[in-house]
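Sequence order for the protein chains is A and B. Heads up: the first sequence begins at 761 in my numbering, then just goes up one per residue. Heads up: the second sequence begins at 5 in my numbering, then just goes up one per residue.
Incorrect hints may have been included.
Partner residues aside, some chain B positions facing chain A, computed with beta carbon under 10 Å [as the list claims (entries may be wrong)]: (1) M5; (2) D206; (3) V304.
Simulated from the structure, these hints should not be mistaken for laboratory data. All figures in this text were calculated on a predicted structure; none of them were measured in a lab. Beta carbons are placed, not taken as given, at the ideal position from N, Cα and C, and that holds for glycine.
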Amino acid sequence: MTAALALNDTLPGIASIGRADTQPIAVPSLARLAGAGKIYGSGETAVTALADATLDIKPGEVTLIEGPSGSGKTTLISILGLLLKPTSGEVWIEGRNVSSLTERDLPALRARNFGFVFQGFNLFPALTALDNVAIAIEMKNPRAKDPRGEARRLLETVGMAERSHHLPADLSGGQKQRVAIARALGGSPPIIVGDEPTAALDTKTALSVMELLRELASSHGRAVVVVTHDPRLERFADRVVRVEDGRISAID
Amino acid sequence: MWTLARKLLLHDRLRFAVAIAGVSVSVMLVLVQVGLYFGFMNTASSIIDASKADLWVGKAGSESFEFASPFDERAFYKVASVPGVERTERVLMNFAQFKLADGGDLGVQVVGIETTAGHAPLLAPWNVIAGDANKLSEAGAIVVDKSEYPKLKIDRVGHTTEVTGVRAHVVALTQGIRSFTTSPIVFTDMRSARSFMPGLGDSAVTYVLVKVKAGESVEAVKQRINALPHLAAYTTSEMSKRTRTYWSSRTGVGAGFFTTAVLGVIVGFVVVGQILYSSTLQYIREYGTLKAMGARNSMVVRVILSQAMISAAIGFVVGCVLAVGMQAAMAKANLSVALFPGLYAATLVVTIAMCSFAALLSIVKVLRLDPASVFKG
């Protein structure tokens, strides 16, 4: 049982912030894993990638997920991001258990709730920064009224307005990641999930990207969940979730 | 979607050029091969199609228009007396030897027609570009096609020669009247035709052309003529179709042209399929990212289909231009490529279908793409 669940173990989707001098105040969780697990294969060949993971994702918080390679970090964020179905436990999004939803139902849920940032940026090399962001907005919501206008605003938010017409090949690693963050923000999802978003960047750039993610959480109320191996990023985090051997071993 | 599709295609211009080349060659092959087929078929039935007759009457059992057996002229009068027949004209067709200027001989297809003064004949040379076809009634007068000048070794109206040893002179020149048998067509009147082909006798007829009285049923008159012994009547469109079918099936020309056209489609399919698939593989992580962020499969599939449609549209236009160029080049070699709106429309449908099917492998790839794969390094 994790600390987060211990604070509020009867109301799925509702987390609490405990303060020493007052009663706990209920804060709605944006997402919640409740005893989530993932087992690949069956019988003697079964491999447990994640077991009994319980975690609340709250607005305005930066959560770092750390652990050695193969510990289950990626499985954890894949289940949290509705990219992978757990074999046990529950996933709560928008206040409801979505564990049993099929891939047919999940894209819309992902589009409303998640933006993803990757180590390799995953930007279309043929598209400008503006087009990369706009196309993601359009893909998420084909009825979006002004995807290019929204893309411009988001690029401005991440400090890339002046480079909006550059192709990824003409941008530095840090600039590409800022564009990727702008793309993740398309459609205003409340949760940004980053898979080692600073791993391919030099220290200075990595820290500036984390500052940006921190800012998005603090000023814009987004929940930011970042998988990382880099302990220098801990200073940007509200919580550090440590994963070892497929289990959440600690939440600091 | 169109913007993304277009930019993805144009990002690698060499690959895009190869895709367009594949579609274009495919479109050109389909148009030219099918156009050649229709060109040949038009040639095969051109004399029939140009006639103003309602019915063509020939000897029963004749399979080929060109090689039809002649019959005695008495049948002509029997046909003329069938109720419902307004007018009849005789046609005598056979092969004869045309004396060339260098002393050699060339086999020609003589078409003897009636040149009765007072009304337009049911069959007469058309597309006359020089001379006077009305002079066909002169003894030994002939009309030949300009495209056959090199073969016949003549260069002007007024040229004199011999057909089967009988003096003949060119009174008019046509354009675009050619025979499927490759033997030049020589129009002349019945009297001259009989002199050019003495072996057939003085009363031979190959076809009787029938004009049905206004208000009479062509089908009913046809049945009445068919009741006559040893004769078979066909409407002009039936006769045309019969002739086309004969040449198409007997020579295998149809199968040959269509096989090449199908091969063209297969080439286009393989080239476009390979190009789209390699493009999809190149951007697979980006597609996965979009799916992870909530893009529905249908949206990603639309991007790939849009690429296929852009390739189809541009390839079709380029292919049409190439086909028109080929048509012009082949015309110089006296080969007729019949390009017409229906063929363009059918080829466009084939091109769209070809590119859509070529995109299937890519579509299956993105449909099966697990969005969680974006986290797998």
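Right, here's what the structure says about each hint:
1. M5: At 8 Å from the nearest chain A Cβ, B:M5 passes the 10 Å test, so the hint holds.
2. D206: Hint on B:D206: violated, closest Cβ of chain A at ~81 Å, above 10 Å.
3. V304: Holds - the Cβ of B:V304 comes within 10 Å of chain A, reaching about 8 Å at its closest.
In summary, the structure is inconsistent with hint 2 from the numbered list given earlier, while agreeing with all the others.
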